[in-house]
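Line order of the protein sequences matches chains U and C. Letter 311 of the first sequence, counting from 1, is numbered 311 in full-length UniProt numbering, and no numbers are missing. Letter 231 of the second sequence, counting from 1, is numbered 231 in full-length UniProt numbering, and no numbers are missing.
Hints were generated in silico from the structure; no laboratory data involved. It cannot be assumed that every hint is accurate.
[Stated by the list, open to error] Lysine-lysine pairs mimicking DSS-like chemistry, simulated, CA-CA at most 30 Å apart:
no., chain 1, residue 1, chain 2, residue 2
1, C, K372, U, K245
2, U, K322, C, K372
3, U, K60, U, K399
4, C, K382, U, K322
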Amino acid sequence: MADSLPTEFDVVIIGTGLPESILAAACSRSGQRVLHLDSRSYYGGNWASFSFSGLLSWLKEHQQNGDNAEESTASWQGLVHETEEAIALRKKDETIEHIEVFCYASQDMDDNIEEISALQKNPSSVTSKPLDSVCLSEETNSLHVTSSETPAKDTPKSDEEISLEVTDVEDILAEEKYCGDKTCINTASGGDKDENKPIEEDNTDQPKRNRITYSQIVKEGRRFNIDLVSKLLYSQGLLIDLLIKSNVSRYAEFKNVTRILAFREGKVEQVPCSRADVFNSKELTMVEKRILMKFLTFCLDYEQHPDQYQAFVHCSFSDYLKTKKLTPNLQHFVLHSIAMTESSCTTLDGLKATKNFLRCLGRFGNTPFLFPLYGQGEIPQCFCRMCAVFGGIYCLRHKVQCLIVDKESGRCKAIIDHLDQRINAKYFIVEDSYLSEETCSNVQYKQISRAVLITDQSILKKADSDQQISILIVPPMESGTCAVRVTELCSSTMTCMKDTYLVHLTCSSSKTAREDLESVVKKLFTPYTETEIDKEELTKPRLLWALYFNMRDSSGISRSSYNGLPSNVYVCSGPDCGLGNEHAVKQAETLFQEIFPNEDFCPPPPNPEDIIFDGDDKQPEALGTNNIIMAKPDSSEENKNPESPENHHQN
Amino acid sequence: MHGRLKVKTSEEQAEAKRLEREQKLKLYQSATQTVFQKRQAGELDESVLELTSQILGANPDFATLWNCRREVLQRLEAQKSPEELAALVKTELGFLESCLRVNPKSYGTWHHRCWLLGRLPEPNWARELELCARFLEVDERNFHCWDYRRFVAAQAAVPPAEELAFTDSLITRNFSNYSSWHYRSCLLPQLHPQPDSGPQGRLPEDVLLKELELVQNAFFTDPNDQSAWFYHRWLLGRADPQDALRCLHVSRDEACLTVSFSRPVLVGPRTETLLLMVDESPLAVEWRTPDGRNWPGHVWLCDLPATSLNDQLPHHTFRVIWTAGNAQKECVLLKGHQEGWCRDSATDEQLFRCELSVEKSTVLQSELESCKELQELEPENKWCLLTIILLMRALDPLLYEKETLQYFQTLKAVDPMRAAYLDDLRSKFLLENSLLKMEYAEVRVLHLGHKDLTVLCHLEQLLLVTHLDLSHNRLRALPPALAALRCLEVLQANDNAIESLDGVTNLPRLQELSLCNNRLQQPMVLQPLASCPRLVLLNLQGNPLCQAVGTSEYLAELLPLVNSILV
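Given the sequences, and given the hints that come with them, work out the whole structure.
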């Protein structure tokens, strides 16, 4: 198999995170021969999204960090010539720390079995979404799974249909799995959850509330697409512009975030931010409506009215807001939910942030944000697909042992992969986490604190619809700490199962993720308990499952901090803490311009009718080989399927 | 080796496009020609449908072709079986939809759809409503579609409440929507019909308050959006006043009867008929307007025969019946009196408050409060200022006079583009106020000096005035309507910018006319004065015409009866 991989490339890219994937698409699009590698078995690196079982496997892998003894390095050292030296790459991903998992949903006997079986599905500890289908196919049910999966993804709005079809499949799976000894348990768990319910709920007079058990979460695990980083796309942001310009947007589907929320005086409330919101708001008085609209209108072109803020440029934004007649709740809305800044931010930065928010309003809907269906992890894959369409070659689970540097020129000339194969290229792009400790010894990393929660209700219930996508900024509880960003996703975003919500919390770390975020989690949610729920607590959504972890933030690191990198090796950073994807796009574009100063960055692809096919230049030839993903440009349905890069290179 | 795409150059692309266009144009022209030939030859068959659909599919605004299609369809209606016809209609509806997708604002397409639906024995109105909802989803301000929706809703007898809910949903999405607000103004009176006694087209107070709150939300959110202000004006506006005869005046000297109407009318054999009863017996008379032009106007008059005015009876009664307006009025001329009259007083309820309604003043008062609050936040919003002025007038024109004038000043400063309109409006309000004051004083003398008036209006209300002072204003003309002042004896209009005197005509009692310091350029403009038989004093000092050569001679010839002409 290794023989089939070409050994000459223009660009080798290691890591499939967002900036690397954008670069891969850009390079491939401008005619470079691109080899795109990832040592992991899934796309996206720390930008990936996982099904529930995929996430459990990912956790397991990271909790075992450091267990494996270092392999000997001898094997590749013999391949380095005398005129060359090697820069070893890191063998283990060390970007994730302080993982803590809490399960609040009830775990009955059968649940345990389910969980184990879910894990058993995976042949190795390294699992991921793309592998899911493979694993399942080993269970001889691949036909059912794919047939149910595909239509479900094609019609993302018909939730009922999806769950129905999937339940069918699950039943079949369950029956086969448990055939014989545990039939009775199986029917209980495999049956409709409503059959379970009456037994418990008959003696409680609480309002109807869905009871979700851990076994259901595991069973419906493939409904989840859990992002490692929680981000949204600004409707007028760099990423949207790039997606549209490069036509990569055709590979993805988006939903508008439906609500901007604020947390004030212990209550979650909706922030009116568009003209229609303000008009319809029942909470604001007439005068507040006017004052808010007036201020927001001013922010849209604040540069034209320097007289209105010049005197306050040295004040903090929050002090400035106090001078604008805004009532306290309006100040809170503007500061935390619209500008999304810290209280200490300067007036100018605050105005700039507010303007940016408002500029994005109304392009696709009533809020400035879009969320990609099936999770943020889709985005890097979309760019990989574009890269592959234009001839890029993809290998997952492909480790790179070292970079080979020519002593004389000081330039990197090749890599040696885990099969001891030498692959030559002109340029090398490496994601930060692949660089060895030695290379990074001078680098100071920041950390991101993350929490992922599965809950049973929205933090702000609304009569009209339970399908809301909300973003909420919880201001710092005490000075010195950071604001916490909360994103709540409903099941129609294709990231969680029906009747649950997937909640992401993010802030830049000052301590471990749990220490940073737990207080906010406690304010907004209450742990799930089977019995006697406090009346007061009833109004809060209940936590079914929670995960905390810290992720390394390698953004904003100057190239000079890395030791001894040849000039033709470029470094991409992992996800940053920000809400948008501007950093990744900017980085990709800057690096691309540095490498290919005269090339257009991700130009629009040509119109199909403008493409000339002539006999000698058969376009598909280079793309059709076995081990390479060949994404058909017109296979749009398929693109919605997170497992779509189906033919990827596997060992 | 890398399968780099080969792409056409921009020149190749342009050339391909040009060829394609040329081809299209050829097809278009030949098809159009064929259709016209067939139409001329009377070959109105299905091939015409086919050809026109090719053209209209690309350009739905070709009105003549829609006419062709209608002719064909009408002919086919007679020839085809019901089943064939149903299939034809189905294709036609589908075709119309595709045309609307090409241009959702095509007059011809919407009209054709109306026409077609109107001819169907069993039209599927539910489907049409659905179609409207879909088009309004795409563009909530597509008034073509709104028009069609109103047509469909009326045909299908959709309950007004449902349609109101529909407008709710669109206003929630984007309140800047004239069509949606307007539809509300049609639906609400249907939903809440007033009892017979009440003014028609008005809303009960609870509904009104709810609507006011909604519209306030809109103009507090965006005070520069006109649609909300227009709806606000409608909410507070009142129905047209009832037709009435405002005043009847009979003069023995001039042997003349004058009538003033509540709205401009055109009296004549084929238009409005007026019946005059003198001492309870009908009298045939010839009606004319005071200025002699017989254009629609508020005031009409007729000459009376001597027999109707003789002194043999203790009094004569004159009754005028306005048949179309369903109104009449009577006045009495007593023996020995020069004149007699009967009229509605301007102080009577709301004679001038036609801008805003007679709703309970508490509602108006609270609207005024909100608008003032908004004005404090938005001192430069013209809509808010104008609404405040209108509300104040509706509440109490005399009490708020001073404040109103201040708001006018602010409004003029923030909206200089409409300065002249505002001046005229202000003149109108001031004139109304002066009129009210005059009536309270019960005199026939009206002082309108030093008021910065730019225009004269409500002159039909001044039928009985004998002395009028218009000095020190900014008037540029004495308009024809001034001729309605049949009792006027003294007119002072010094220190204005008057250039024409069209209205100083046929004034039977005018004796003194003072026009000092105006802009009368040519002696010719004094021509109308010749028709005022009793004019004896004319002061023209300070006018450009005084400098002109031969003015005095011209005037002596034109106005031989005037004793004293000051030039």
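Against the structure, the hints:
Of the pairs offered as hints, the one joining C/K372 and U/K245 is violated, with about 49 Å between alpha carbons and a cut-off of 30 Å exceeded. Using a Cα cut-off of 30 Å, the hinted pair U/K322 and C/K372 holds, with the two alpha carbons roughly 24 Å apart. Between U/K60 and U/K399 the alpha-carbon distance is near 20 Å, which keeps this suggested pair within the 30 Å criterion. Distance check on the hinted pair: C/K382 and U/K322 sit about 28 Å apart at the alpha-carbon level, within 30 Å; holds.
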